[in-house]
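Protein chains in written order, with numbering that gives the first Met the number 0: chain A, 0 to 469; chain B, 0 to 469.
One or more hints might be untrue.
Calculated lysine-lysine pairs in the PhoX-like style (CA-CA distance at most 25 Å, straight line) [as the list claims (entries may be wrong)]:
(1) A/LYS83 x B/LYS347
(2) B/LYS368 x A/LYS83
(3) B/LYS347 x B/LYS405
(4) A/LYS430 x A/LYS468
(5) A/LYS192 x A/LYS220
Just so you have them, the derived chain B footprint on chain A, three or more residues with Cβ under 8 Å [said to hold, decoys possible]:
(6) 42-48
(7) 75-88
(8) 141-152
(9) 249-262
(10) 280-291
A short, non-exhaustive set of chain B residues, derived as facing chain A with CB atoms under 8 Å [unchecked claim]:
(11) LEU195
(12) PRO227
(13) ASP229
(14) THR231
(15) ASP234
Just so you know, the hints here were simulated from the structure itself, not pulled from any lab data. Bear in mind the structure is a predicted one, so any value in this text is a computation, not a measurement. We put the CB at the ideal spot given by N, CA and C, even for glycine.
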Amino acid sequence: MSEGMRNGWELVVGLEVHCELATQTKIFCGCRNVFGAPPNTNICPVCLGLPGSLPVLNEEAVHLAMRLGMALGCSVEPSIFHRKNYFYPDMPKDYQVSQYDQPINVDGSIELADGSVVGIERAHLEEDTGKSTHVGGGGRINEAERSLVDYNRAGVPLVEIVSRPDITSAEQAKAYVNELRAILLATGASDAKMEEGSMRVDANVSVRRRGEPLGTRCEIKNLNSVRSLVRAIEYEAERQIDVLQAGERIVQETRHWDEAGGRTRPGRSKEEAEDYRYFPEPDLVPVEPDDAWRQRVRDELPLLPAARRARLATAVPATAGVALVVERGLDDLVLDAIAAGGDPGRLLTHAEHNVLEAGALTAESFAALSRMEVDGALTATQAKTVLAELVLTGGDPAAIAATHGFEALDESYLATTLDAIIAENPEAFEKLKAGDGKVIGFFTGQVMKATQGKADGKRVAALLQEKAKS
Amino acid sequence: MAATAQEIAAAIAAGQRRAVDVLDEHLAAIGARDGELHAFNLVTTEHARADAEAVDRGERPGPLAGVPVALKDNLCTRGIPTTCSSRILEGWRPPYDATVVTRLRDAGAVLVGKTNLDEFAMGSSTENSAFGATRNPHDVTRVPGGSSGGSAAAVAAGFAPVALGSDTGGSIRQPAALCGVVGVKPTYGAVSRYGLIAFASSLDQIGPFTTTVADAALVLEVIAGHDPMDSTSIDGPAPSLLEVLDHGVDGLRVGVVRELLGEGIAPDVRARTEAAAEALAAAGAKVDEASVPAAIYGLSAYYLIAPSEASSNLARYDGVRYGLRVDAANTAEMNTATRTAGFGPEVKRRIMLGTYALSSGYYDAYYGKAQRVRTLIIRDFQAAYEQFDVLLSPTSPTTAFELGAKTADPLSMYMNDVCTIPSNLSGDPAMSVPYGAGADGLPVGVQVMAPALGEPVMFRVAAALERSLA
C-alpha cells in the first residue's frame, strides 16, 4: 500500500511490459535488429510490408521468448499468431502480427525482493512498429505539418509481459519492473533499456474501497522511466479517488503521463472505440516446440535473481543487504569468499556498502580482508580503505594494510586513551550513564582524533558501554 | 495452333530456332491483336529481347530456355510496374522478384509482359480492371473469365505459350475453361506465394495456363517446390509430372461430383462433363457418382473468408509508402481520400464485407462459422478421396458470357465460381482441361480434382482427357 493512499482505499495495478528481444535479426525477416542506425537503413520488402512479401518466423525470437517464459515460471504452450488490424503510418501493413488467444507463455509469476509474488498472465510474441516523428502542430499526428517515419524498428521482435492485477503500491510496481528487468538481463532475452525504448511499461491502474470488487481501470501510457511509473501511479490513484469521492464514475480510457506537468491526461477517446478485428494470421504456421527444443531451453536457463537471493541468504547471517548484493551481481564473489574462509557477516556488509563492482577484487583477498577484521588486525575504517584499493588494483590485503601503517591498536592503549578522554569530559560521561546514547559518537570522534583514526569505532563503543554500566 | 512450350524449348535447345525469332513472332501476334483483346497491361519488349538474346548466346540454359511467358500483373517483377490492375498501385515498381518469377528466369524463360486481371484478383470476368476489360479471343463480345482473364486470353490468342495466373476461388480454372486452355491450381503450398500480391492468403495459389497438359506439367515442375520465403510452402521437392502423363487411367477410380452437376449448370456444359466421364471410362477408369455434400456451402463460406482476409491484406494501401497518394489535411483523411480514389467498386465491396465479418460481435457468426464450413468441406473431400482417386466436375457453369451481362448483379457473377471454390477451401489441387465446345461453339472446360499433393494422378487423368479428344 502506497504511503499516499487515503484511508479505506486500495490501489490495484497491473503492468504490461513490452521488451525488445535481443535477437540478431528481426522477427519475420533477415534485417538486423540494432538500435540507433540511420533512419530506414535496416529495412527490406518484408518489414516494409511491401505488396507480395511474406513473414517467416525467426527461430531465435521463439527461443528467447521460451527462455523468458520458463524464467517467469510460465507454461510454454503451442501458439499461433493473429493479425491486429488498425491504421497507423508507422505500421507498414496496417496490421500488427501478434499473439491473441493462444500465446506462447501463460501462467507464471515473479517473486520480488521483498518476498511478495506478482502473477504473470501471459508473455506473448509480437512485432514492433516503426517510429513516427511529427513535425509542427504540437507534435501530434493529425495536426502535424508533416510526419516522418523510420521503419528500422518495424518488425523487431517484442515480448509483451502482462502481469495480473496483483500490484498494490507504486513502490511494488517499481520493484516488479526492476525484478523483471533483472530476469530479462539474466536470461539474455533483452537489454531492457527503458531510455532506448527496448523496455516499455504501460500501467493499468484502478482503486477500490477495501473489500470491494475491482474498480474501473485506466491504462497509463508514455512512461519512460521507473520514476515516471511511480509518479504516474501515485497521481492516477489520487485522481481516481477524487473522482469517486465526488460521486462520479471512472471512465475506462487510455491516459498519457505528462512528465513535465506531473499528471495524466486523457488520450483520444476515439482510440477506445477501435475494433482490432483479430483473426488468425494466414501467412504463418503454428509454433509447436518439441520436447527436445524445450529441454534445450531449460538446460540453458541461468540461476535467476530470486534463486540467487535465496542461495546467498542461507550463507550469510543477515538478509538486509542480500537483494542489493544480488542486483549488483556480487553474490558469487561473496559466496566464493565465504568458501575461502571469509567471515560471512563482514563480507555481506562490505558487498552491500563498500563495493559497487568487483573490479580487481578476488574471493581470496576478500576473504583474507574479512578475517583480518574479525581477528582485530584491522578496524572497519581501515578495512574499507584496503578494500577500495583491492577493487582498484588487487593484491594482498596484509601488504596493503602495512603500506598504510595500519595495525590494530593495543586494547590496553585504547582503554587508557578512552579513560583520559572520559576524565576530560565528565558531563558527557554522565549523560551516557543516564542512558543518552547520542554522546557515543562524540567519544568515538575524540578517540579517533587521539589515535589518528586507528581505533576500531565498534570497539570504542563497546568499551564505553562497559564503563558506563560499571 | 501456335507452337507449344515443349516444342519451342526443344527447337531452341537443338539450335533449330533462335529465341529472338520466337520472341518476335509472339510480339508480332501481340501487336496485331492485343489492341482489341487487351490481355496485357504492359508488354516488356526490351527486357524480353535482352533475355532472348542471352538465351541465344547460351547464357540462360534451362527447361524453358527461350519460351515466352506472360505474368499476371499481381506477380512482383523487379523494376517493372506491378499494378494488380488497380489505380492504387499505378506506377509502383517492386524492388524484388516473386519466387515464381525467379524460378522462371532461372529456367530460361523470356518474360514478355504483365497481363490484365480483375482489380486485386477480385472478379470472374476481368471487367473489374481499372485499365479496361479483357476480351475473349474466341468471341470478342464475350469475357475471358477472371480474375486471370489476361493470362488466359494471352495463351488462347497465341501471345505466349505459357502464362501464370493466381487462383483464389477459381481465377485460373474458370478463365482457362472460358478461353479453351489448360489451367492448373496446384495444392495449397506447392508453389511459393512470395511476391504474389495477396488477395486471400489462405486460398491464393499460383499456377500455369498452357495450351497442352504436358506444357502445364513442365511449367509446374519449374515453379513448384519448397521456398524458405513462404512459411506455408510445403517442405519437399516439386512433383515429377511429365513422366506420368502417359501412364493412362486404367483402374483409376473417378468420381463425378453430384453436387456440382445440378442446378445452375448449363445443359451443354453438363453434357461435356458427362462426355469426359465416359471417355475416361472408355480408357479403363472406374467411373461412378461421388458426393461432397458440404461443397454447396463453399460459395457462402468463401465470400466471408476471402473478403475477411482481403480487408486486412489491402489495408497497407494507405498512401503512406508507395503507389497512389491523394493529399488531404491530415494523415487519416489522406488515408481515406487515397483509398476512396484508388480502389474500384468491387474491391471496396469486399473490403466492407470482410471488415464487417471480422467485427467484434459478428466474428463468430460470420468468419468463425465460415471456417467451420471450411472444415466440413475438407472432411467431405477426404471422405470422397477414400473412394476415388480423382473427382470430376464442370469448371464453370456456363461458357463465356457477354461483357456487361453480370456486372450489375454481383451475386450472379459470384455463381461462376461455384465449382472451383471448394478446392480452394480444401487446399487440394484442381485443373481445368478444355473439353470441346458448348451449344454456342465456345469452349467448355472440365475440372479434374485430386487430394492434396495428388498432382501426379490429376495430370494423368487430364492427359487422358486430352488424348481422348485427339
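Okay, the hints, checked on the actual structure:
no.: 1; hint: A/LYS83 x B/LYS347; verdict: holds, 20 Å
no.: 2; hint: B/LYS368 x A/LYS83; verdict: holds, 20 Å
no.: 3; hint: B/LYS347 x B/LYS405; verdict: holds, 18 Å
no.: 4; hint: A/LYS430 x A/LYS468; verdict: holds, 12 Å
no.: 5; hint: A/LYS192 x A/LYS220; verdict: holds, 17 Å
no.: 6; hint: 42-48; verdict: holds (count 3)
no.: 7; hint: 75-88; verdict: holds (count 4)
no.: 8; hint: 141-152; verdict: holds (count 5)
no.: 9; hint: 249-262; verdict: violated (count 0)
no.: 10; hint: 280-291; verdict: holds (count 4)
no.: 11; hint: LEU195; verdict: holds, 6 Å
no.: 12; hint: PRO227; verdict: holds, 7 Å
no.: 13; hint: ASP229; verdict: holds, 5 Å
no.: 14; hint: THR231; verdict: holds, 7 Å
no.: 15; hint: ASP234; verdict: violated, 11 Å
Consistency note: the structure conflicts with the earlier hints numbered 9, 15.
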